[in-house]
Amino acid sequence: MTNSPEINTYHPDLIIEEAANGWRIIRLNRPKSLHALDESIVAALLKLFEDFHSDDQVKAIWLDSTTPKAFCAGGDVRKLRQLVINDEVDTANQFFKTEYALDLLLHDYAKPVVVWGEGYVMGGGLGLFMAAPFRLVTPYSRLAMPEVNIGLYPDVGATRFLADRGPVGLFTGLTGSIMTAAGGYGIGWATHICDAQRDVVLQKLIDIDWDHYPAGDFRALDDTLNSLHRPVSPGPLQNSLDVIHSVCRGVNFQQDYEAIIGLSEARSDWLRQASENLQKGSPSTAAITWLLWQWGRQVHPWSEVFELEAQISDWKIRHPDFVEGVRARLVDKDLSPEWQAVESMTLKGILASNPPTTTIESWNVLLRQYDVIA
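Residue 139 in my numbering sits at position 139 of the sequence shown; the count goes up by one each step and never skips.
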């Protein structure tokens, strides 16, 4: 593998290497922040993937990070919070716009992209992960959309990829529950589980003889990764599926909310933690997550998903719960957020005083259907 000077000028926190057989390797290199994403790095990744897409010398791309502790723990929400406090909301929104453009590009990418999702894969990191066709986890992977804890909401395409997973997706979005490799693979967030070392897996992919696969490059990767896949024992999510389906029906928000809170006495530590996360989490995040799951079930194209999320993000970062949630979790770390008071734990009671209307009529129809707006 070689470091080409030409391709290492995109961003100081990206390591880019050329490898044999048309492979390019991209490594996130922000270990102190668990490789958190800000506008500068997502802009660089967007430009990099655009350039690789049009480069005939590039056949496939491997994306990982420089440390096993995390692939990417999410967006740099502390920086976003400070932008909101500084009344620089437009700059904060530019981050979302660029991040979603990157995710959309990867969902529609014509060349194979393999992501090594070791360690924490959360928030914006999970959005990047889910946009790739080949999503690898290890026994040490931990996946989640934990935005309910900080007053944001599951974005980066989660409006669709949570809805695609039915009640399990709704439950994980509402509770921010952390999944192991078994759980991530079980619901299709991961495509393969690898217990071999990263460099061993990568070398096997680099050694693929493309000419032996007339069915194409994606088939070559699929066959090779299938040979490396190693099933693991069921995790807490699989062991809780019956309970999840019984408490999370997706028909009535208040009923789902109360049923999940009722798991505080469950035998499973994982289910009790899910209950606590929702009970202590942002009511506005829970409400918007439930509604976005309803909208996502209508199966909209990715372009429309990210268009809606851009408008919801603009609304959500202006909501008091975001600044307060990040303060409590990541700035002061007292874990005692004072969420905005709500009239009742219903959609209308939480959202009617500040409804998240958008220019997308199908979303506003949903708000009217659930009596959030008249």
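In short, the hints are calculated from the structure, not lab data. Only a predicted model underlies this, so the values are computations on that prediction, with no experimental measurement involved. Careful: at least some of the hints might be erroneous.
Stated by the list, open to error - Keeping only pairs whose Cα atoms sit at most 30 Å apart, straight-line, the calculated DSBU-like set for lysine-lysine is:
hint : residue 1 : residue 2
1    : K280      : K204
2    : K111      : K97
3    : K204      : K97
4    : K32       : K69
5    : K333      : K32
Okay, the hints, checked on the actual structure:
A distance of roughly 45 Å separates the Cα atoms of K280 and K204; the hinted pair therefore is violated under the 30 Å criterion. Restraint check for K111 and K97: satisfied, since their Cα atoms lie roughly 23 Å apart, inside the 30 Å limit. Between K204 and K97 the alpha-carbon distance is near 36 Å, which puts this suggested pair outside the 30 Å criterion. A distance of roughly 10 Å separates the Cα atoms of K32 and K69; the hinted pair therefore holds under the 30 Å criterion.
A distance of roughly 17 Å separates the Cα atoms of K333 and K32; the hinted pair therefore holds under the 30 Å criterion.
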